[in-house]
Amino acid sequence: MKKLLTFITAALFGLSLPAFVQAAPDPDPQTLKVALLPDENASTIIKNNQGLKDYLEAQLGKNVELIVTTDYSSMIEAMRHGRIDLAYFGPLSYVLARQKSAIEPFAALKVKGSTTYQSVVIANISSGVKAIGDIKGKNMAYGDTVSTSSHLIPKSVLAEQGLNAGRDYKEHFVGSHDAVALAVQNGHAQAGGLSRPIFESMVERKMVSLDKVKVLEYSKPFPQYPWTMRSNLKPELKEKIRSAFLNLKDPAVLKAFKADGFEAMTDRDYDVVRNLGPLLKIDLSKFQ
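For the sequence shown, position 251 matches number 316 in my numbering, and the numbering has no gaps at all.
Fair warning: there could be bad hints in the mix.
Said to hold, decoys possible - In silico lysine-lysine, DSBU-like type, Cα no more than 30 Å apart, as pairs:
#1 K175 to K271
#2 K98 to K165
#3 K98 to K323
Claimed, not checked - Per label pair, the in silico range of CB-to-CB distance:
#4 I190 to K112: 31 to 41 Å
#5 R333 to E304: 17 to 27 Å
#6 Q115 to N312: 11 to 21 Å
#7 S191 to A123: 49 to 59 Å
Honestly, the hints are just simulated from the structure, not real lab data.
Owing to the predicted nature of the structure, the values given are computational and were not obtained by experimental measurement.
We treat Cβ as the ideally placed atom computed from N, Cα and C, and that holds for glycine.
Using the sequences and the hints, build the whole thing.
Written out as structure tokens, the structure reads:
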């Protein structure tokens, strides 16, 4: 009986082992899983990046699967568990992912010769909000909690002028940049913050009307969104990926990014994002 119980226990342990042991991610996968920022509608993002998919498949000799996670936090977790190989993070979501994962940034967008961008704080014209100070006592829309340009940066713009969330205004998280702009335009929030390039794109596409929404202020420049990869990918593959991005010149592929190309970036370039923590009186390591 004792031997039988020992055998059964060992068998049950063996059956349950796969639930507790996760195989190490493949350093040279035949299909690269590439995650894109969930900052707009997922189907639109994937459609707009088919050119990038085709380009990478041709350059790397591998299949490429484009992925859009439900939000920034799930993207960070997917990278942490090795379920994605390349990821296009926002600056803050990269900083948070770096704390949990063995990842490295290798390139960022270059637009008009610069690898920086800005956020914008906007207001509903009919709300009477004409300056940042007028947001006091009002509703402020942000995107995702771990978004740099639709949360952290615009929140810092308000903080620099003495307005703190909860004390001076009510903050509402609506999920994405486009949702912020529409919430302000439709009067669900009197003001909001999002990426300047996305806001200007929405105006250009007539999704947002400047008859209903006005710009209150632009932020100072911050480093562009980084492309990152798993650090445990095969060195030769990492170099091919890096070269593919830095040598990308095809206007049809770059159109989705509204960029001239990509430039090499390192982790130190994102220290400016880490330094926002003290200004906003938050611990970025506990931000998720």
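Between K175 and K271, is the straight-line Cα distance small enough, at 30 Å or below?
-> Since the Cα atoms of K175 and K271 sit roughly 25 Å apart, the hinted pair holds (cutoff 30 Å).
Using the C-beta atoms of I190 and K112, is the stated range 31 to 41 Å upheld?
-> holds, 32 Å
K98 and K165: Cα distance at most 30 Å?
-> holds, 19 Å
Confirm or reject the claim that S191 and A123 have a C-beta distance inside 49 to 59 Å.
-> About 50 Å separates the Cβ atoms of S191 and A123, which means 49 to 59 Å holds.
Quickly compare the C-alpha distance for K98 and K323 to 30 Å and report which way the hint goes.
-> Between K98 and K323 the Cα gap is close to 23 Å, so the pair holds against 30 Å.
Distance restraint hint 11 to 21 Å, applied to the beta-carbon atoms of Q115 and N312 = This hint holds: roughly 20 Å between Cβ atoms.
Consistency of beta-carbon spacing, E304 to R333, with hint 17 to 27 Å | Holds: the Cβ-Cβ distance is about 21 Å, inside 17 to 27 Å.
Every hint, counting from the list given before, is met by this structure.
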